[in-house]
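Peer 1: Chain by chain, the residues run as shown.
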Amino acid sequence: MNENQRNLRYLNLALKELNPNAEYQATDIDNINWMNGTTPIPKEDIEAKIEELKGA
Amino acid sequence: MAITRLGPNNSTNITGINLTSQVTGTLPIANGGTALTSGFVNGSAAGGSQVYMTGDTAISGTGYLTSNLSVYNSTGSGNGIASVSSGIISLDKTGYYHIIYQFTGNSTSGNQYVNPYIATTSNSGASTSNRAYGYAHGENSEGDTFTCTINLIHDLTDTNEAFVMKYQGASNITLYGTGQSVTSMTFIRLGDT
Chain A
1 MNENQRNLRY LNLALKELNP NAEYQATDID NINWMNGTTP IPKEDIEAKI EELKGA
Chain B
1001 MAITRLGPNN STNITGINLT SQVTGTLPIA NGGTALTSGF VNGSAAGGSQ VYMTGDTAIS
1061 GTGYLTSNLS VYNSTGSGNG IASVSSGIIS LDKTGYYHII YQFTGNSTSG NQYVNPYIAT
1121 TSNSGASTSN RAYGYAHGEN SEGDTFTCTI NLIHDLTDTN EAFVMKYQGA SNITLYGTGQ
1181 SVTSMTFIRL GDT
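Sequence order for the protein chains is A and B.
For the first sequence, counting from 1, position 3 maps to 3 in my numbering; every step adds exactly one.
For the second sequence, counting from 1, position 51 maps to 1051 in my numbering; every step adds exactly one.
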């Protein structure tokens, strides 16, 4: 797993914790395509959750 | 020899033969080839191209891939060449196609299943019709990666019908994309519709 894939892993984990029903495609935290009516999650909330997960 | 008549009196001077009225049967390959100057693109019944995903993409839910898609390794235009816009893949010629969807990635958490689909759309993706599918599975704790390959023979009778690289039921999945074919859709034109 390369660094980009590790980052995407944390992004997936964070988004699932913030909204288990979120539907999206994302190439990184700045490029998230929210799909099928999913309410976008603010970037700062995602970043905070990722830091929390990394510290866990 | 399939030709039943070639020119008047079997003359060696065969200029001015009317192919419509004076030649029947099948033509062999002439010395130096039998290329046509108009009316056909010589030897172009077959053709093909590939659409690659060029970067890793996290996916969740159901949809079709929309970004980081590029066309590679195309044959000449007019032979079934793909173009892609926001995930909608169009071909430039009707015909029978062998379509191969390669779907590669991993689970980023837990034990995950996802179904990749080859799907078509005639309304720019507003709705899709599933044509072929597979099952992919990965267990993050085992370090699994998966590659699922789906094949479809499709009779494309109208180039307004387009293709999408669809998936269904994704959760905690990252698909791999690079400068090579790892997550991709390949179109091989087999012949006329």
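Just so you know, the hints here were simulated from the structure itself, not pulled from any lab data.
C-beta atoms are modelled at their ideal positions from N, C-alpha and C, and glycine is treated no differently.
Hints are not guaranteed to be accurate.
[What the hints assert, rightly or not] Straight-line alpha carbon distances no greater than 25 Å define the calculated SDA-like cross-link-like pairs of lysine to any residue that follow:
#1 A:Lys54 <-> A:Asn31
#2 A:Lys16 <-> B:Tyr1113
#3 A:Lys54 <-> B:Ile1150
[What the hints assert, rightly or not] So the derived list for chain A, only partly shown, Cβ under 7 Å to chain B, looks like this:
#4 Gln5
#5 Leu8
#6 Arg9
#7 Leu11
#8 Leu18
#9 Asn19
#10 Ala22
#11 Glu23
#12 Tyr24
#13 Gln25
#14 Ala26
#15 Thr27
#16 Met35
#17 Asn36
#18 Thr39
Peer 1: Against each hint, give a clear statement of whether it holds in the structure.
Peer 2: Here's how the hints hold up against the structure:
1. Proposed proximity of lysine 54 of chain A and asparagine 31 of chain A is supported: the alpha carbons are some 21 Å apart, at most 25 Å.
2. With a C-alpha separation of about 16 Å, the suggested pair lysine 16 of chain A and tyrosine 1113 of chain B falls inside the 25 Å cut-off, and the hint holds.
3. About 36 Å separates the Cα atoms of lysine 54 of chain A and isoleucine 1150 of chain B, which puts this hinted pair outside 25 Å; it is violated.
4. The interface hint given for glutamine 5 of chain A holds, since its Cβ lies 6 Å from the closest Cβ of chain B, which is under the 7 Å cut-off.
5. At its closest, the beta carbon of leucine 8 of chain A sits 4 Å from a beta carbon of chain B; the interface hint therefore holds under the 7 Å criterion.
6. Checking arginine 9 of chain A against chain B by beta carbon gives a least distance of about 4 Å; that is within 7 Å, so the hint holds.
7. Annotation: leucine 11 of chain A was flagged as interfacial toward chain B, and the flag holds, the nearest CB pair being 6 Å apart, inside 7 Å.
8. A distance limit of 7 Å between C-beta atoms decides the matter here; for leucine 18 of chain A the minimum to chain B is near 12 Å, and the interface restraint is violated.
9. Given the 7 Å rule on beta carbons, the hint for asparagine 19 of chain A is violated: about 9 Å separates it from the nearest Cβ of chain B.
10. Nearest Cβ of chain B to the Cβ of alanine 22 of chain A: about 6 Å, under the 7 Å cut. The hint holds.
11. Taken as an interface hint, glutamate 23 of chain A checks out: its beta carbon lies about 3 Å from the nearest beta carbon of chain B, inside 7 Å.
12. Annotation: tyrosine 24 of chain A was flagged as interfacial toward chain B, and the flag holds, the nearest CB pair being 5 Å apart, inside 7 Å.
13. For the restraint placing glutamine 25 of chain A at the interface with chain B, the shortest Cβ-Cβ distance is roughly 5 Å, inside the 7 Å limit, so the hint holds.
14. Satisfaction of the interface hint for alanine 26 of chain A is found here, the shortest Cβ-Cβ separation to chain B being roughly 4 Å, below the 7 Å cut-off.
15. For threonine 27 of chain A, the interface hint holds, since its Cβ comes within 7 Å of a Cβ in chain B; the closest pair sits about 5 Å apart.
16. The beta carbon of methionine 35 of chain A comes within 5 Å of a beta carbon in chain B, closer than 7 Å, and the hint placing it at the interface holds.
17. For asparagine 36 of chain A, the suggested interface contact is upheld, since its CB lies about 6 Å from the closest CB of chain B, less than 7 Å.
18. Below 7 Å, beta-carbon pairs count as interface contacts, and threonine 39 of chain A has none with chain B, the closest being about 13 Å; its hint is therefore violated.
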